[in-house]
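Chains as they are written, first to last, in my numbering: chain A, 1 to 586; chain B, 1001 to 1102; chain C, 2001 to 2205.
Everything labelled a hint here was simulated from the structure, so no lab data went into it.
All residues carry an ideal CB built from backbone N, CA and C; glycine is no exception.
Do not take every clue at face value.
Below are the SDA-like pairs computed for lysine to any residue, each with C-alpha atoms no more than 25 Å apart in a straight line [unchecked claim]:
1) C:K2064 x B:L1066
2) C:K2064 x B:A1030
3) A:K441 x A:R522
4) C:K2092 x B:G1023
5) A:K125 x C:P2004
6) B:K1070 x C:D2012
7) A:K555 x A:R522
8) C:K2117 x C:I2067
9) C:K2124 x C:P2004
10) C:K2117 x B:G1023
11) A:K13 x C:I2067
12) A:K441 x A:F36
13) C:K2064 x B:V1045
14) C:K2098 x B:L1026
15) A:K555 x C:V2007
16) C:K2117 x C:I2041
17) A:K555 x C:V2157
18) C:K2064 x B:A1042
19) B:K1015 x C:Y2186
20) A:K524 x A:E445
21) B:K1015 x C:T2177
22) C:K2124 x C:T2066
23) C:K2092 x B:V1028
24) A:K449 x A:G387
25) A:K309 x C:D2012
26) B:K1071 x C:I2041
27) C:K2064 x B:L1026
28) C:K2094 x C:I2041
29) C:K2098 x B:I1010
30) A:K309 x A:E445
31) C:K2098 x C:L2111
32) B:K1070 x C:F2025
33) C:K2117 x B:I1010
34) A:K449 x A:E554
35) B:K1071 x C:I2182
Only part of the chain A face toward chain B is listed, based on derived beta-carbon distances under 8 Å [what the hints assert, rightly or not]:
36) F37
37) I196
38) L224
39) H272
40) F276
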Amino acid sequence: MSDSHHEESYWRKYIFSTDHKTIGIQYGITALLFLFFGFSLMMVMRWQLAFPDQAVPVIGGLIQWLAELNGFASIGNLPSDLYNVFGAMHGTIMIFLGVVPLVVGAFGNYIVPLQIGAPDMAFPKLNMTSYWVYFIGGVIMLVSFFLPGGAANSGWTSYPPLSVIATTGQTFWLLGMVFLITSSLLGSINIIVTIIQLRAPGLTWMRLPFFVWAQFVTSFLLVLAFPPLEAAGFLQLMDRVFDTSFFLPSGLVVGGEALDVSGGGSPLLWQHLFWFLAHPEVYVLILPGMGVIAEIIANNTRKPIWGYKSLVYSVVFLGFMSFIVWAHHMFMTGMGQGMSIFFQTTTMIISVPSVIILSCFMLSLWGGSIRFNTPMLFALGWIPMFGIGGLTGLPLGLSTLDIHLHDTYYVIGHFHYVVAPGTIFAIFAGIYYWFPKMTGKMLDETLGKIHFFFSFIFMNGIFWPMLIQGMAGVSRRLADGGESYAHAQGTLHLNEFMSYSAWLLAIAQIPFIINLIRTLLRKKAAEPDPNPWRATTIEWTDTTSPPMGHGNFEKVPTVYRGPYEYSVPGDSTDFTPQTSKLIKDR
Amino acid sequence: MSVKDMTHHIANYRKIFVFLLIGTALTVAASYMEFNVQNSIAGAVFVGLTIAAIKGYLVAANFMHLNSEKKIIHWILLLTVFFLSLLLFIPLLWDLNLMSHY
Amino acid sequence: MEIPYNVQVREDTGLYNSKLGIWLFLASEVMLFGGLFSAYILLRTGAPVWPPIGEHGSIMHILKETIPHATFNTVVLIASSVTMVMAWVSLKMKDLRKFRIYLGTTLLCALVFLIVKYFEYSHKIHEGFVPSHDTYMALYFTLTGLHVLHIIGGMIVLGYFFGPGIKMWDNEPERFTNRIEIVGLYWHFVDLVWIFLFPILYLLN
């Protein structure tokens, strides 16, 4: 689709584009590649966990080359130092380079302006900048794999003092994070301004699709929670580069020798600043996913979403509360009972709006004539998976139970249920749902269903046993999966099962990849159906598929009704677009 | 805005400039004075930060036009200040022990 | 393609886009400096003596000497804020000549601030009070350093509007006035940060 006014050069059109649709797709492709890379790191780690110290099959040579480049001994196995690197980078890449750029950068960018009837984002050039800043951050992270000592190896949480005395990879990690944070900040400011300022006439707040609300709250979380981590990143950089002692207490002994620093710092300070971001970050990961699910459920049950207003109030409250719960990650830091009671209470309170949202989605199904297409299957799969993720979080929020569960595989199982079959299912659902909008071509349903069912099975195959291992007390971040720990022996056999599930999950993604490529190569219909799902929201009803070049809409749409008016009594079709003024008589 | 409004603005900015200079002089003078109660400098800190807060308010309200700004911006800033105060002060409460009398 | 409300205000919000954008950006800046202030509070309350005594003793005697410099810098920065807002007023009154004078003065003030800062830094470093000396020095250099970076960033943008950017005035005077208001808001914020840095780093020790 070219601009109707003038032909843009290749570079302006595809590389340094200021069109939100192109930038959205750029984000999408880059982030999917990172997601795949992060997943590959995990697959290698799962080999080490299932078969400790044996050479990795197929890519053993590559692992050995990387390990020796980093200065670790390897016979094709994953040495424990490199295991730490992979672990830290798996977390970092999945969260900051994979999921957030997908849900906010790709979906937020592509869909939000279309859903609110805007010609573009409010600041198109800034939008382009944020993508390229993200790109640079990603490159820095990737380059750090080839440093002596490897990439960052102190976990995605980078707790000092360990991270301060770690190898150079950590400095690159911090630099990379500064870029990624800056990119997120610029992007989210853009989204907020776009939603507040560029809504089409008649699109009042209570007529916004839930997806837009979720993006709105998410962006606020990013704007207000990310800067403290950026500050913390600066401080840790100072500690590493200029030998300051922000996070180093006095009298620290490393390897039998007193560390030559002034001391007087506080490791706890990092944890405060880190979790002040990282807890809201959890909601950054899940809220846009909820938004996607809401769109798909309303569309495929052919009835209005149940409790639109409670959904909106819940998501706003959720965003607000997410700033007051961060210390439930820090119950083990010796906080007084006063504080642990406070944070335990706020944690229990924040579960209420999540439950409301989940209940609204469940109740929406009731009495609907459900279409079981691929996006809907992913949405239906999302509900119980996110439910498990949420419910397993409650015990962790209780400070006494946390003493046992802290830092075990239970924690890993819990948050992976939220993020992997939670957010990533929402991402898949969104891709299947909006792919026809982006390309004008439908993805194949059969391949999509194969993709869903196998992903669903193997996701559970990976994460459910983690909960069991965790309750048995197996710690996270053990390079041998607990082999050398007496108390872990009873659950060791689960390691192989989880690893096979992980590899099979990778195989289950092949139909998805084939589906994407095959559909992209297929010839487009002369006039693709702009609204294949028979949806009500503006992006489907008032634009072509894909939307025309820069500008999106032939004329600015006017909105007359709420987002989910399906099966309105008296209407001749079972969906009434937001932009239709009158109900068409039968 | 008319030229007349603007001259009014200018007079106001001059006034604020003078207030800010007075505030600066006061805060420096105060730092040489003894507000100390029992060897703690809490008194001095309180005086210093109060003056800084007043100066900050003058800048924000007048130069940044917050006194006549739109509601939506006030709400955003209110939210920011609320979260800021959490970030500043909650880490200090780590040793709080509500159960100590049991 | 034109983005709506780039220059004109939207009726229901009463704002044009970049006004809202800059305030959101400043909100994030508040949280950025907030994180650093939080570090200051936590480290200060946790320290037995403040400023801590390190290898070269206490910074106190040097700090006492630099109070006049810092006071001078405070006045300079406040003055630059006033000239900044006057530059905007001049544009509102369609007086480009005055605008140039005021904006030039703002830039000059910023330059003076940086020069004084340079002497302050080099004096401290010369005496051995480098960032790694103690946590006070670490905070001092990080906080003022980040503030200086903000000044430099602001100067680049102001310099652009003083130089090539001014051409916009000929075709889109209203948009140019908005831009000056936006960069002014940022500049006042940088001033505001200094108003807090001044007492907590120089006076209240």
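Quiz item: Does C:I2067 lie within 25 Å of C:K2117 when you go C-alpha to C-alpha?
Solution: Roughly 12 Å separates the two Cα atoms, so the pair holds.
Practice problem: Closer than 8 Å between Cβ atoms is the bar; does A:F37 clear it against chain B? Give me holds or violated. | Solution: Given a least distance of 33 Å, the restraint on A:F37 is violated.
Self-check item: Pair hint C:K2117 and B:I1010, alpha-carbon separation not exceeding 25 Å
Solution: Cα-Cα ~30 Å, so violated.
Quiz item: Given the proposed pairing of B:K1071 with C:I2041, does the C-alpha separation stay at or below 25 Å?
Solution: violated, 32 Å
Self-check item: Given hint B:A1042 paired with C:K2064 - CA-CA distance at most 25 Å
Solution: Cα-Cα ~19 Å, so holds.
Quiz item: Is the hinted pair C:K2064 and B:V1045 satisfied, with a Cα-Cα distance of at most 25 Å?
Solution: holds, 16 Å
Practice problem: Quickly compare the C-alpha distance for B:K1070 and C:D2012 to 25 Å and report which way the hint goes. | Solution: holds, 10 Å
Quiz item: Is the Cα-Cα distance between A:K555 and C:V2007 25 Å or less?
Solution: holds, 20 Å
Quiz item: When you check the alpha-carbon spacing of C:K2092 and B:G1023, does it fall within 25 Å?
Solution: Distance of about 29 Å is beyond 25 Å: violated.
Quiz item: Does the structure keep A:K441 and A:F36 at a Cα separation of 25 Å or less?
Solution: The hint holds at about 24 Å.
Quiz item: Does B:I1010 lie within 25 Å of C:K2098 when you go C-alpha to C-alpha?
Solution: Given pair C:K2098, B:I1010 holds - Cα atoms ~13 Å apart, limit 25 Å.
Self-check item: Given hint B:A1030 paired with C:K2064 - CA-CA distance at most 25 Å
Solution: Holds, at roughly 14 Å.
Of the hints listed earlier, those the structure fails to meet are numbers 1, 4, 7, 9, 11, 14, 17, 23, 26, 28, 30, 33, 34, 36, in rising order.
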